[in-house]
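*Asks:* Two chains, two frames, a set of hints: combine them into the complex.
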Amino acid sequence: MSSSHLSGGKVNISRVQEHARKHIFALLDNIDGTKNIVFDAALGSVMALIAPKAMFKEHNTKSIFHLHSGTLPQSHANHLIFIIRPQLSLIDLVAENVRNEVKRGSLTDFHLFFIPRITFLCEKRLEDRGVLGSFRNNIQELPLHLFPFDNDLMSMEIGSTFKEFHLENDPTSLHQTAQGLLMLQSLFGVIPRVTGIGPASLKVSEFMKRLAQEQNDANIPPSQIDQLILLDRCVDLLTPLATQLTYEGLIDELFGIRNTTLRLPAEHFVSSNEASPSYTSADTKDIILNSGEELFAEIRDKNFNAVGLALRKKANQISMQFGERHGDKTVQEMKLFVSRLPYMMANKQSLANHTTIAELVQKGTDSNQFLEALETEQELMNVIDTDKAHPFIEDCIARKEPFTKVLRLVCMQALTNSGLRPKVLEYYKREILQTYGFQHALTLCNLEQAGLLRVQQNQRQYTVLRKALRLTVVDNSEVTPTDISYVHSVYAPLSIRLVQHLVRPNGPRALQDVLGLLPGPAFDDIQPSVSGTSLSLQSSSDSPKVVLVFFIGGCTFAEISALRFLSQQEDSDANVEFVIGTTKLINGNTFIESLSENLDS
Amino acid sequence: MPILLTADWCPVGRDEYYRKFEVYNMEWTNSFNMENVIVASCSYGGPLAVRRDPKKIVKVQGSGKPTIYIYTAAGELVSSIVLSRPVIHVGWSIADDLLCIEDDGSVLRYDLFGNHQHTFSVCEEAKITKVIEANVFNSSVGGTGVAILTSSYRFFLVNNVKDPKTHPMPEIPGLNAPPSSWAVIAKDKQAKILVAKERELYFLSYNEEHPVHVVLSFADRLSSVVEMAVSVDNRRIGLFTDKGRLWIGSSDLSGKGCEIDTSHACRPFQLAWCGSDGVVGVWDGTLLLVTVNGDILTYPCDSRVHVVPEIDCVRVISTLTHEILQSVPSVVQKILRINSVDPGNYLLEASRQFQRRSHSADEYIRLVKDQLPIAVANCIEAAGYEFSPENQKMFIRAAQFGKGFVPNLDPEPYVTMCRVLRVLNAVRNFKVCLPITNVQYIKMSESGLLDRLIRRRHYYMAIQICKHLKLPPAKGLSRILAEWAFYKVSQAKQDREQVAKEIADKLGKAPGISFKDIALRANNFGHTQLAIRLMDYEPRAREQVPLLLNLGQEVPALLKAMESGDTDLVYTVLLRMHAKMPLADFYLKMRNYPLAHSLYIKYSYENNNKELHDIYSQESDFNAQAALHLKEAYLPKNSGTRETSLAAARQSYKNARNEFLAVACDEQLKLLKFQRDLEAKFRREFFGRSLHDTVEILLSLKELKLADSLRAEFKVPDRRYWWLRILAHAQNDEWEQLEKFSKDKKSPIGYEPFVDVCLEKNKKLEAQKYMSRVKDDLKVKYYAKIGMLEKAAQTAFEQKDVQALNVVQARCGAQDRHVVEQINTYLAQLRSKK
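Chains A and B, in that order, give the protein sequences.
Counting in the numbering used here, the first sequence runs without a single skipped number right up to 644 at its last residue.
Counting in the numbering used here, the second sequence runs without a single skipped number right up to 897 at its last residue.
Okay, chain B solo, but in the shape it has when bound (with noise of 0.2 Å):
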């Protein structure tokens, strides 16, 4: 059946294939020779940097200065680097970063487009003695790593690319020529270097003060290691050997797998793990593929290849191919192998004879029918392994018919499917440049996927996938948006009002995202203007004041602060501006922003400011300077002062041509006068109290002459002097001359408040005797105030007022029945009248 499938399949050893197929067709033909160049390559499908081989001689091409080529994974130049010192070794860190290892032990850090980032020199003592031998490495637990030898054979290692602190390695006794061969094992966070000195092995850890010499035992007599592959998981480890003998095993070395002979004699152009199930070896015109069981299977080759190791294949890229060599996954093997009885194989068989309306599908259905949850899943997963969309499509469709038959079966493996190969799909098509499988898919995650594409700039791709994938925006859309941003401000040459809004309309509605980092970019790369420009995008005035403050730009944060209406940041711009500009300048500045300037009066103000004064003479606000004076005279420390104060106040007043205050001011003045004098004659403290109070003080120690004499001067209204008269004899409990008072001249409100008064002290006589002075229209209210309500209900009586009547008589307790009574009388008659 299958047939057609499997032809690309090779049987290893019992029960197990392994398969190579062509991914892209590279786009460099001809460029160059692959026998002359040194090829970097990284995993997860990663790009390819190419340079020259020194130690060969080719035609001089181009300007023959040294250059690495930096080529996509289907060959298509991305960029190129010119050099401009002797580089030791070329590598890939984990992030797509082109290390490059000078001959000084400088690492110098580019992107993918081969712009610089960064640049560290791992040690001194590589300056001079120079670095003969490097290596890049990707540890286990993330993060990139570099590892130089010296020319005095000493090895040195970084185990963080972005945070670079150098370890010295422990020296190896007795080593003074270069190595057979080495390698970092970076299998957890301390890397370990596995140095071979001829046939003995050591490995190095730079917390350990001496080697640790390990022993291998080799079937044939070993004379030296000449070449070491690492797996990418550093779990295991190929050492090769120049008799031509293969060891496999643990990558402590403690655990062997196989060791066999591969009839190779000269050392291999290339070793790399294949996954973690075999070790390839690149010899000219083959490719030897050595299982961890000792298997052996060759691939011949027209040219020189280049082998990537991964995580799950290997993938070979020659001058006109990419292809992936991997071990056929289980899966798969499990469907299409010859003869197979896996349920899958069913369905799979299923599925085409429906397809070709065949009814032969019916008895392939029965076959399996207890097993068709697992044939779904099964042919579920082999379409994930699948590249050719043909392939994924059988597999697809089978399970879509599978599925059709299982009731209740979750659909979320299934669509889950479906969304992934479509991703894979578009990532490994050539414009992308992604050859990832669905097992590296899954070890990176999407958003390890996302960073991919983000650092090759397919921002749309990323966030179609981010849409298709259907990732919450914060984790997928606006982190896109944002890096896209980044990527934008870096450009220097384009016209920066269009750049910010170019980046305010794509990112205005993505919810996440920070203006402020954005503008923070900008400015790193020296956009300053951009930078402001997008500051005006930031919706958060918290976060884009302090930034424009930062950014040397006050009036624009001031003006920014005031249009959010959160005056701390107001504050926070003002008293920068206050400590940088000169005063003047600040004072100018200010005026122009009426919302800043009342603040700053307001701060100025709680912090007992001297320069209110300042600020009020510059701007002539009189009113507000002559308050100012007033709060001081009024504060209680100021109290021996406050004449001069009150004076200062005047004079204010006077100038804001506020009349009746300026009056009011000059007047205090003369009243706090009077006081002083009335102190010191009284020994009774008089500063301070109002003019009412005063008279009122002098009332009670009868000093009549001397009250009228201040009422004459601060011509006090008769209405309020006589109540301050009147209050004053009630208090003092002089009853005569109250009366006296009364009757010296016509009462200016009345004597009403003579009765009040009176009643307030309960003396109803003394009340009683004002009576008949009282308004004939408030008689009757007052009679029944001071409890004569029969004379109450007389006089309403008299003045035919029936209402009043009726208010009396509510006020009648038990003890007036008689006033009731004649109330009632009054009532009829007067009723009895209409």
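In isolation and in its complexed conformation, chain A is listed as follows (with noise of 0.2 Å):
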């Protein structure tokens, strides 16, 4: 029953899949009649990778609509759910629906699930909307926190936790991320060893000792991960604003994925099947990209100068296959032939598609523009002439290129600079008020308060971070890379480094000497098992380690690729596998815009 591609790591994630279910299901169940469910318009999209929606009909829903203000489309059921997460605004948009339905004389009952739950806010707002009667006994809570996206990656989908405790000192959502690891743990074991850095690591793994100790779940399974690294990512800041190089992270970076989706114009892809079902409406095409399909699971980490390589690689294999037949001549054959028929179109199709996301991909690499940003990330990544203003950084504000593009760009440099001249800062402030107006300047504040934007201080933390850590290496391998510098062709994530050190039994202490240049402390913690025996010590040393690493603020897909690529290393030093996860699935542009103040000019 549950998604194929979820089960194929060494971490059966599809478990996460099916706990989530179960829960979500059992609420349906325990309500008679049909249903109409009402999800607010984030949490309809990630709830794809819980349940597909023939799911939910099978659990007697008529219909599946998204939270807007107004009134619901006509579609009569016993019941009406709305299903939420706790935020204030999402209340407003369904008392308003709520009284529209009310005015409108529909006699149905109305259901309030809350993902992951209820809070005291959100009952008072009800309240004070005067609704909270309509539900009665009606409210639950769905305790969902991490959604399954592959079989080695989870993400909470939350894009604030970030500005929420950097900005607001609002811990709200590192809580949920404790809840969500104890919710892992409950299925896959208490994990022996947790190791973090950041500030926010340390809360979230303060959250984790509390809530166990809540807990008395007796019925804890084995130990299933061995370690688990928590990464604050404001100890890396410089990570998501690089270009991602990989195929998936360009993608995300030039079309955007949400939630393994990616939706193209529909004319790109004319010449592909007709009968295909994922058209969603007449102009757009939503294609799924996870490991499900072979030729994307293949190609998705590469640098995409590799890409088409592996493309051209795979028609040739395609084409031979369909050439067999030729070939073939008894009867046995024939058959063995057409029953790797379906298998091998859909291989074809597939390949058709990514060969034109390839193109499209492409044609955006190929620009000017792009090119020209690339080389100064890359000038930047190197250190060279940071330390005033850039000219292709002032000419992209003169042209009023893309906002975040300049402040992704702008950030980049204050952070290879460890911190700009404060003249330098302020004339790039200035220009960008000028140019994109003063409604951005609590925008600059927040980026200011984040530590994304500096003044440069005595200490060269970047310029100690790249040569102690190997944060550039220079070895043209995009191909077939020997490091993980390929992500970023140039650049070696720095979360990523760190994530190398710290699979070692003594990491933190080797890394003592960066550790100091890095926000937040650091720690390396044993957590007691429940059953009192430290499995750890059973794993025999040649199974590789499986180490869980949870980016709290967000990671980028070229960072996923980067673990990947070290899970694959097998005569590294540490044998490891690598699961993922993350408070949401970032690049620098979410990145940036999650910080911003959106005032209306």
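Where hints are given, some of them may not hold.
As the list claims (entries may be wrong) - Some, not all, of what chain B presents toward chain A, calculated at C-beta under 10 Å:
hint: 1; residue: W72
hint: 2; residue: C73
hint: 3; residue: G177
What the hints assert, rightly or not - The calculated EDC-like cross-link candidates involving lysine to aspartate or glutamate, where the alpha carbons are at most 16 Å apart (straight line), are:
hint: 4; chain 1: A; residue 1: K443; chain 2: B; residue 2: D756
hint: 5; chain 1: B; residue 1: K844; chain 2: A; residue 2: E640
hint: 6; chain 1: B; residue 1: K665; chain 2: A; residue 2: E640
hint: 7; chain 1: B; residue 1: K778; chain 2: B; residue 2: E823
hint: 8; chain 1: B; residue 1: K538; chain 2: B; residue 2: E565
Calculated from the structure, these hints are not laboratory results.
Think of the CB as a built atom: it goes at the ideal place given N, C-alpha and C, for glycine as much as any other residue.
*Replies:* Structure follows, in structure tokens:
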């Protein structure tokens, strides 16, 4: 029943999906009669990762809507169930919808499910809006924290974590993270070793300890995960800003991938199979990107420069396969061929899709704008002329290039130069305010507060880190990579470099020199397992260690690719298999946007 | 053979035996004379409540105040209750609570240790008319009730003392004297009262308007029923008439067991059921047992005894001993009876011979070879009926011996019985004093036994029993520990720190214990401080925080909420504090807790709270204040007052010494003023646009002068202004002006942008005009860009740049073959030069 693409890894992520399904359908089945479900828009699209719409239909659901202001489409069912995150703005929408339904004279029963839980403020808001009574005893909690993305990837899909904690000092989503991790522990056993860097990581590990005390679940299975590494995004602010150059990363940079779904104009795909069911509407086509597709699994983590080659190889392979039939003599051979046909057709379809996508990506990467920006990035990474205003950035501002692009580059310069000279910083800020409008002043303040924009201090952190951790590697090995730096062509993500060290038994101690340059404490704790026996000792040294890397504040596809690359390195000094968790899948643009203050001009 | 074992057996009728054996020697010897006291007792080996019989004249001892003494079943004094009012009746509830019914109809509930628990009044009427008789009864469906008879001869009934609801009973016509006897039959949810008015019998039931008159046929001419006894299971009843006859039958009086003459003319001191097999009457010097079949057995007694009915026996209590009288269980009878041929008997004998190392053991085993499983089962069962460990061992040994001869026998019954016997022996010890039979134990179940132990405060033993019986912690251990903690917190005298610590130490590791419940209990006992201390140990913040709030402990609640990281709880506390405290105090408090402070600010912001300004100004957080002004300035509804808000923001930034933003605000204000003017002049929308956009619009309107003045006013750097100009000319298709502009001054951004904008508009010819001024090192690239590949190749050759040549070659298409050839030549030349 569960999605096949989730179960291939060392840790069976489909259990997360099953767990979530069990919860949601248990709640739905408790309600007799036909149901209409209204998801808040953000949740609605993530929900597809847990259960397809058809599965909801099996549980007596008539229609599924997204929460909007206004009236719901006419569709009568005995029950109307709102499933939302506990956000006040959503409560207002729910209240509006409920009032409109009542006005319309509908006799349906109202239900409200909160993911992951109801909060006091939401209840109060419901009361203030006068609709608490409409739900009587029909308010439930659905403790879903993590959504399964792939066989090694889970995300909470909460985009505000970084801003909330680092700007507003609000640990709400860190607490949720801890709850999500405990849920994982209840499925996969207590993780014996917890390592982390950064203030948010420390908070999460504290909350985990506390919540573990509250739980007294005796049925915790033996540990399947050997180590948890908590990484606070503020430890490595540079990586998300760098342009991702892996196939999946580039698709995300250029077109955006939402919950494993890529939406592209359908016109590019006219040649594809007409009967394809994934057409959502006339002008867009949705393509699901996950490891369930063999070809994508193969090329997603490659540097884009290597993708063309891989596609060509695949094309040859497929045409050879189709060519084989001419050579087939016997009926048995023919039969074998025919039995493989559907699989081959699917491969062909997938090749066609990815060739089209790769063409579109190529178009983007070949543009001067892209190349010049990339060149600038690499100059910055290598600390070339970072001390003064960069002419390319100045030109970008003058040409009024997209705001986030400019901010990405300015922040990147601030980080690689370990802070800008006060004059330069003021110059940039003034230029930005004059060009893009004064309303962005608060966004700039936020970036400063978050440490993305800052004035030079005495210490040259980046220079030291770059040397100590080999953050820039020029080996031109993009096609057959030897180091994680291939994901950004030159730059090896700091976060992943840290992970490389932290998985080692005495990781944090060995990192002592550089840890002083990074924000927040580093810790390396041993969690007592419930059964008392330390299972990590039993696991023999030849089977790989399973490490869950959890990014608090988001992670990029390039980082994921880098970790997958490390998982594949068998001869490396630490034999490690990575599972990745994050609060949100981000790229430079979404990261910057999450920090901006949206004031209308 | 086992003559000794049957020594205390008395045959009754055919094939039936009764046995009476001693359980305890009473501790209370000589404390009082049985004849002068009234004993109240309860089933399941319960304790005894003893009070002086007010009708007897005795020598005054002690204070003389009427007192109830509570003894264990072994006669050890547990506690005493001094009474303030005349008590009509004393009885025990099913939950070991002592119920005292006073003459005004109030029912006082005490626990085993004489602690007052609760008082309720049966009815108002009783306060005036007074109660003359009362009865406590235990219903078969659980729960204990009370029935009273007032001096106006009306009955009132309360079904459950835990949830007292009074039901007046229908009146019996013509009742003008106390009924000769009455009893409560609580076979199902609704208890009935059977009342004997002389020879007439009535059933009273509260949902019937009238009493139901029952006619019972007595063999003898009946004058009056003077005594009644209802069995513990409420299914049978015994009626004793003033002629000394005893009628035994079902409790609804429909079925008659027997009716015999007891040859006792006077009414018995006590009439009680022995299980449901027979009725026991107590007279001076005799204990008379009448079985359901009408057989009689008489035991002489030296002194007055008190009998306690049980579900499978009757306990006989005298000043010296505590005995059990029971019908010998059939399985015991079968095995031990003289000349028994039961397989169990043979097995028992075999086991004995085996222990004596006699070969005849084998012969006995052979005798029952085929029936060994039954024999083993019987011996196991029989062991359960025995009180003396010797007898238990004897049967168990036999079972164990027999087991060895049966392959694949399910060991479960044997193991279970061993465990149960261990438990029973432990609780029968006179220190614990629960003289219960196995049948009673099964009836009450483990949890019933644990409840009884807990009520007797034998927590340790209860825990040991849980461990011994391997009960799941949630069912056993945790509950006992929690009960222990409940008891612990109810005690006022002890040091609260110590109590809290002790409780936490003991309960720390047990799963499923709610410190919240314990704290609540402590609070109910008035130990608020202890409750607060205890809440420290509650790991679930979602339980902890609300309770602390309810205890009025806002600050500890806030600390706990913040510690937990559960912001929802922090909000809960904050809003409570906000509502409860004066605002100034609230802000001051908040100051000490940064997390709470920031959360409150967030809350205020989301709720459009005007308080934010107050908080910021109190905290002198000018940056935040300015930001708030800015946010307000840009709210769509505030566009009219944007300048005011911006001015306020500017002031705040000044206060914050944030020069940059203060100046920026200033400039923005200036810009807005410009824009308002421009709007008036051009009737176009300018307001709110950025400086850059404003200049751009002006350029597109060909208002060069205005644009220039703005540029000067706001010190737009040359670089950006040039870009603006170039882009604007290109946008407006003003290629001449663009060229003119390029010659105006030396471009601060080079001439590449000129080429670029031309290319963007697809004006290759225009682009060429600027090529000469493109920087040398970019020339190749730009020639290639505008498609002059030959020129690009040539330039590259001139610059001796092999790599550039390769790049250009890579850009060549099919139609550029000559260029490719040219490049090859260049390359060859360059190589040869090397």
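*Asks:* For this structure, which hints from the list above don't hold up?
*Replies:* Hints 1, 2, 3, 5, 7 and 8 contradicted; others consistent.
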